[in-house]
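Student: Chain residues, written in single-letter form:
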Amino acid sequence: MKVKPKPPSAALQPQPAARGEIDQAIEALTEEHTERIEQTALNRIYRIGRAANGRSHDDLIQEALTRILDGKRQWYKDRVLFPDFLIGAIYSIASEWAGHRERNAEDPEYAALEAALSKTDEEGKTTSPFDGLQDPSVNPEQGLITAEEEEEKRALVEEILTAFKDDEKASIILMGFEDGMGVPEIRAEFQMSEKEYRTTMRRIRWRVGKMMGEHHGR
Amino acid sequence: MAAKAGNQAERFARILDSLCEDIRTAPGEELLQSANEAGRDPALTNARVKSLLRSTFKAYQQRVLREARHEYERELANISEGHFDLPKTARGRRSWFLAALNQAPQLLPAFTLQNRDLSDLSDEDIESHLRKLAQLGVLKAIRLPEEE
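From first to last, the protein sequence lines are chains V and E.
So the first sequence is residues 0 to 217, counted in numbering that gives the first Met the number 0.
So the second sequence is residues 0 to 147, counted in numbering that gives the first Met the number 0.
Since the hints were made in silico from the structure, they are not lab data.
Just to be clear, a hint being listed does not mean it is correct.
[Unchecked claim] One-sided and incomplete, this derived list gives chain E residues near chain V with beta-carbon spacing under 10 Å: (1) Glu-9; (2) Arg-10; (3) Phe-11; (4) Leu-31; (5) Thr-55; (6) Phe-56; (7) Gly-136; (8) Val-137; (9) Lys-139; (10) Ile-141.
[As the list claims (entries may be wrong)] Calculated pairs, SDA-like style, for lysine to any residue (alpha carbon to alpha carbon, straight line, at most 25 Å): (11) E:Lys-139 with E:Glu-70; (12) E:Lys-57 with V:Gly-19; (13) E:Lys-57 with V:Lys-209; (14) E:Lys-87 with E:Leu-138; (15) V:Lys-209 with E:Gln-7.
Glycine included, every Cβ here is placed at the ideal spot set by N, Cα and C.
All chains, please: the whole structure from these sequences, using the hints.
Tutor: In C-alpha cells, the structure reads:
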C-alpha cells in the first residue's frame, strides 16, 4: 500500500526568531560584532547625507532592531547570524531613507528656505541662491540644493583623494572604487597581494572615517 | 583611470559603498585593531551599542504592552457599552432569544447543555441568556424582531 507523503508539519517549517531569541542574540554580540554594526551605521549615515534628515547612526540601528522586533523584517536564525541580519537591515533602511528623499525632494522636511541659503558678498550685496539658474523647468530651490550637494560631494571626494596623494596603493584602490571596480578586479589589475590590500584598506578606512566624522561634527 | 567628472554624488557613493563592503567583510580582529589605533575602545563601543539595542528592545516591549492594554480596555468598554433595552414582556424576550439562536445556530448547544429543550427554559433563564448575548455583542450582530 502506497503511503502518501505527508507535507512537513508546521513545527518543522522554519519560523522567524521569537523576541526572546532576539534578546539572547543581542546579549551575545561580541566586540567584533558591535564594532562592525557601529561602523556600518556610521558609513550609511555619511553616505546618505541630507536624506538622513537629522537622524543619527544610533537612530538607524534602533530602527533596524525595531523592524526586526515587529516582524517587518523577519530574522530566521538558522539562515543568517543576527549581527549580519541587523547589518543588512541597517543597509536597507538607509537606502530606503535615501530613496524617500529622492522621491520627495520638494517636501518641506528636506527643502531649505531661500533665506537660509542667501549669501551676502563682501560689498554687502545679498544674492539669492536662485540667481543664475538657467533652466526654468527645474524647481529653482531644488536645483540649488542639488547643485550644493554635488559641490559638497565633489569637495569631499577631492579631500579624500588629496589625503592619499602620497600613498600610491591607497590612491589606486580609491580610484578603482570610483570607477566601480570590485576588490578582486583591483587586486588583479594592480597585482596587489591580499596582505597589501588589507593593510592599505585599514589606512583608508581609518582616515576616511576620521574625515567623515569631522565633516559631520563628530 | 581618471576620476569621472559630472556626477560627484555617484563618485562619493561608490567610495562609501566600497568602504561599507570592506567593513562588512573585514576580519573582526582587524576591525578591533583599527578601532584601537583610532583611539576607540571596542569594549566601550560594545557596551554602548548593546545598551542602545537593549533600550530599543525594552521600549518596543513596553509599546506592545501599552497597545495590548489599550486594546483590552477598548474591548471592556465595548462590552460594558453593550447595553440593550430588552423587551418588556417575557414573550418579547423569548422571541428575541429564539431569533438570536435562529440566526446564530452555533450558539444552540451552549444553551441546551443540560439536555433541556429550549421550551423548558424559564423566563428568568431567557432574560439572563439575553443579557449575556448582549454583553458579548451578539445581539448587535443579528436582526431582532420588533416588540409587539
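Student: Now look at each hint and say whether the structure bears it out.
Tutor: Evaluation of the provided hints:
1. Glu-9: holds (9 Å)
2. Arg-10: Because about 5 Å separates Arg-10 of chain E from the closest Cβ in chain V, which is inside the 10 Å limit, the hint holds.
3. Phe-11: With Cβ-Cβ at 4 Å, under 10 Å, it holds.
4. Leu-31: Holds, because the Cβ-Cβ distance from Leu-31 of chain E to chain V comes to roughly 6 Å (cut-off 10 Å).
5. Thr-55: holds (4 Å)
6. Phe-56: Hint on Phe-56 of chain E: holds, closest Cβ of chain V at ~6 Å, below 10 Å.
7. Gly-136: Gly-136 of chain E check fails; min Cβ-Cβ to chain V is 29 Å, beyond 10 Å.
8. Val-137: Hint on Val-137 of chain E: violated, closest Cβ of chain V at ~32 Å, above 10 Å.
9. Lys-139: violated (32 Å)
10. Ile-141: This hint is violated: Ile-141 of chain E lies away from chain V, its Cβ roughly 35 Å from the closest one there, beyond 10 Å.
11. E:Lys-139 with E:Glu-70: holds (20 Å)
12. E:Lys-57 with V:Gly-19: holds (12 Å)
13. E:Lys-57 with V:Lys-209: violated (33 Å)
14. E:Lys-87 with E:Leu-138: With Cα atoms ~16 Å apart, Lys-87 of chain E and Leu-138 of chain E stay inside 25 Å; holds.
15. V:Lys-209 with E:Gln-7: holds (21 Å)
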